[in-house]
Amino acid sequence: MKFKTIIYQCLLSGSLSKVVRSFIFLSILFCLSTLSASANTLYSTAKKDSTKESVKVKVIAGNKDCIFNRKYIRYTIDITNTYKNAQEGTVVYEVRNDRNKQLFGGEFNVHVNAKGILSVPLKFTVNAPGFYEISTRINVTDYDDTIATVFGYKPKLIRTPLHKPADFDKFWEDAKADLKKVEPKYTIEYSKTQSNSTHRFYNVEMQSLDNVTIHGWISIPRLAGKFPVILVMPGYKQILQPFFPDDQAIFCLTVRSVSQMNKVNKNPHFESEYCMVNIDDKNNFIYRGAYMDCLRAVDFLFANYKLGLDTNRIIVFGGSQGGSFALVTAALDHRVSICGADNPIYCDMHNYYEIANNKRPDAFPIKYYNQYLRQTAIQKETLLRTLDYFDVQNFIPTIKCPVLIALGTLDPIAPPACVYAAYNKVGPAARRKSEIHILSNVGHEITEEYSFIKFLWIEENTVEIQGH
Amino acid sequence: MKKLFLILSILLLFHTTYAGFPVGKGRTVLSLAYNFYHSNSNFDIDGHIQKSKHGDYFDSHYLSLYVAHGISRKLDIFAALPYVYEASRNDSIYLSRGSFADCLIGFSLTKMNKSFNKFTSFKLAGIWPLYHGVKPLAISYGATGVDFTINYTSTPKKMKIKGYYMLEGSYRHYFTPEGPDQFLFDIGRSFTINHFNYIICDLSGTISSSINKSTIVNPVLSKDFSYLETKLTFGRRMSRTLTLYLEGFYTPIGRNTGRGLGGVFVSVWKLP
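Taken in order, these protein sequences are the chains called B and D.
Take -12 as the starting number for the first sequence in this note's numbering and just add one per residue.
Take 75 as the starting number for the second sequence in this note's numbering and just add one per residue.
These are calculated hints, taken from the structure and not from any lab test.
Treat the hints with care, since some could be wrong.
Said to hold, decoys possible - Derived BS3-like pairs: lysine-lysine, alpha-carbon spacing no greater than 30 angstroms straight-line:
hint, chain 1, residue 1, chain 2, residue 2
1, D, Lys99, B, Lys213
2, D, Lys148, B, Lys441
3, B, Lys420, B, Lys143
4, B, Lys141, D, Lys148
5, D, Lys99, B, Lys412
6, B, Lys45, D, Lys99
7, D, Lys209, D, Lys125
8, D, Lys197, B, Lys420
9, B, Lys441, D, Lys236
10, D, Lys99, B, Lys51
11, D, Lys148, D, Lys209
12, D, Lys344, B, Lys387
13, D, Lys99, B, Lys157
14, B, Lys51, D, Lys125
15, B, Lys224, B, Lys151
16, B, Lys143, D, Lys148
17, B, Lys293, B, Lys143
18, B, Lys346, B, Lys163
19, B, Lys420, D, Lys192
20, B, Lys253, B, Lys151
21, B, Lys51, D, Lys234
22, B, Lys51, D, Lys188
23, B, Lys213, D, Lys236
24, B, Lys143, D, Lys99
25, D, Lys344, B, Lys213
26, B, Lys179, D, Lys185
27, B, Lys346, B, Lys45
28, B, Lys224, B, Lys387
29, D, Lys209, B, Lys141
30, B, Lys51, B, Lys293
31, D, Lys125, B, Lys441
32, B, Lys412, B, Lys224
33, D, Lys188, B, Lys143
34, B, Lys387, B, Lys412
35, B, Lys213, B, Lys269
36, D, Lys209, B, Lys441
37, B, Lys412, B, Lys151
38, B, Lys71, B, Lys43
None of the values given here were measured: they were computed from a predicted structure.
The following block holds chain B by itself, in its conformation from the complex (with noise of 0.2 angstroms):
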């Protein structure tokens, strides 16, 4: 309201000067309402505490996204006291490396006045660069807690051993090679259903590695020319829901079910959990032919170029185990212009198994895997060997395209060492226009600012992109 009437009055006085002065007072207005709003966090956190009596304890690294590429970690352990007594007691920090081995730890007395705030700082060093765990526990006179954080050092530098099978090449070779036998038989259905006055909805259909049907469905805007694809891989026994992005074509994929494996009988022990379909031999394994399912995608869509498709700007992407199933659909299919993974699981499996067996033996797939190992004599060994052909780190130094992963510090099913170990191994030529983010203190899953920035960057590579 003040505003119209200063522009009103100006407009009608013609004075200038008014003019500016309210055009300056309204720049400065703006920026200290956006200065603020950033503040604002803090202030209402400090305020609600004062309205209840709490001790509060936070524990802030150093560097925002908790990544130390040099020398010394740096923590601050925050304990802020809103009773009217002081808080006395003590503050005990442990750092574990990933296979949760106690490095060391310290521990110090604490008091906190009355309505105080107290900060203690902590410096310390690691020698290897990896993800460590920080657990802080404080105990004071009206709380306790323990509060655990993990930051990564020098992840840049994670080196792991690729434990890649002498005949991985060819295995994969023969893989592509039975693929090929088999005739794809796409059939495309025009669905009224799910299409609307923007896009075209097609529900599709066609045959992968043992005759196995696999479906998808496709959306493509109702605009004139050529639209970019994005392949999107299906997560661990997910089926995406449609979406109609304007820019681009979306191509969801729903790779081989257990249920398609034990009709065609490939399943001979009826083995119902996804991950252990097959995993005694590796020729049969579940997984070799879901990956052959996403280059069949691909192939579909250099059939069905009329469609509207711009063939040149292929973008693969999912999250989890559609992830994995990008960077490796990237690695054995280089039609594929772009990559993207969240989350990829399946990636370092040695270095995996280790970390999952000492921390989080009962998350997935390391539970599945124990499981297996318990009930039949076969020996860890064996069956990394057999997992040995569909690591994804394996896949990795052959992907030619740009990269763009996710993973989140917190993560259990994908660890950030294995990950970051897997990202290290993109061979130079990709690493130049490839990216890697670390969601700190986050999950299995991304954040609402990263999947901005995803596509950002999608957008971005895919404007890059010069035609064949």
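Take the given structure of chain B and dock chain D to it, following the hints.
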């Protein structure tokens, strides 16, 4: 006929259609606009409407090429090259002139929030006249100038009708002893009808101030004036790369400037 606000409107044209959104790294946006303006009355120094005598009028046909290129996610460079054809009848004397007008070259830096739905851009541009003299009709001031703009564009997540809000304020100075100094603003709201059709409503205005308060000697070159303009734009995305806009504008309030209405046709290509 006084028509300077038209030139200012042209320079703001792209802002209406592309708001404060960054172009995007590596992307080029090309815009070709045609603007027609007709005026047959004036606002006098007190803001009263003065009907023209003896069928006097001022017509303008404006063709503008605008190019913006994304250097990075946040930094764009842009340039505008306008050509104008003017025709005027004043006291039964018919005059016309065609010429390139003021060229605009600058850059824009955009700050985004974490959710990428609030964009604050800061634009700095230089103005260069591509014509000489004021005869037979003046194109603009014939002077170099500088323009500084702050644009805030927001696409709130919770909107009844999806679209964006835009607030824009500019300060412009021409390097002559008499200036003028100008303040321009634009308040806009876009409504997304569906993925590919939009309506944009705008309220914009200009306040131009100078020590030269003349209104009689050479009204075309008036430097001390102000006006408020209302705009309604319909946008339709035609293909992956092309969007067309059709705009109508009208000047309900003004002081020491022309009173008229017009229409704009804008084509925007997003490349590649």
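Okay, the hints, checked on the actual structure:
no. : hint                 : in the structure
1   : D/Lys99 to B/Lys213  : holds (21 angstroms)
2   : D/Lys148 to B/Lys441 : holds (16 angstroms)
3   : B/Lys420 to B/Lys143 : holds (15 angstroms)
4   : B/Lys141 to D/Lys148 : holds (28 angstroms)
5   : D/Lys99 to B/Lys412  : holds (27 angstroms)
6   : B/Lys45 to D/Lys99   : violated (38 angstroms)
7   : D/Lys209 to D/Lys125 : holds (25 angstroms)
8   : D/Lys197 to B/Lys420 : holds (29 angstroms)
9   : B/Lys441 to D/Lys236 : holds (22 angstroms)
10  : D/Lys99 to B/Lys51   : holds (26 angstroms)
11  : D/Lys148 to D/Lys209 : violated (42 angstroms)
12  : D/Lys344 to B/Lys387 : holds (27 angstroms)
13  : D/Lys99 to B/Lys157  : violated (40 angstroms)
14  : B/Lys51 to D/Lys125  : violated (65 angstroms)
15  : B/Lys224 to B/Lys151 : holds (27 angstroms)
16  : B/Lys143 to D/Lys148 : holds (27 angstroms)
17  : B/Lys293 to B/Lys143 : violated (43 angstroms)
18  : B/Lys346 to B/Lys163 : violated (37 angstroms)
19  : B/Lys420 to D/Lys192 : holds (27 angstroms)
20  : B/Lys253 to B/Lys151 : holds (26 angstroms)
21  : B/Lys51 to D/Lys234  : violated (36 angstroms)
22  : B/Lys51 to D/Lys188  : holds (15 angstroms)
23  : B/Lys213 to D/Lys236 : holds (26 angstroms)
24  : B/Lys143 to D/Lys99  : holds (26 angstroms)
25  : D/Lys344 to B/Lys213 : holds (14 angstroms)
26  : B/Lys179 to D/Lys185 : violated (42 angstroms)
27  : B/Lys346 to B/Lys45  : holds (24 angstroms)
28  : B/Lys224 to B/Lys387 : holds (28 angstroms)
29  : D/Lys209 to B/Lys141 : violated (69 angstroms)
30  : B/Lys51 to B/Lys293  : violated (47 angstroms)
31  : D/Lys125 to B/Lys441 : violated (58 angstroms)
32  : B/Lys412 to B/Lys224 : holds (28 angstroms)
33  : D/Lys188 to B/Lys143 : holds (25 angstroms)
34  : B/Lys387 to B/Lys412 : holds (12 angstroms)
35  : B/Lys213 to B/Lys269 : violated (39 angstroms)
36  : D/Lys209 to B/Lys441 : violated (55 angstroms)
37  : B/Lys412 to B/Lys151 : holds (12 angstroms)
38  : B/Lys71 to B/Lys43   : holds (14 angstroms)
When each numbered hint is compared with the structure, violations occur for hints 6, 11, 13, 14, 17, 18, 21, 26, 29, 30, 31, 35, 36.
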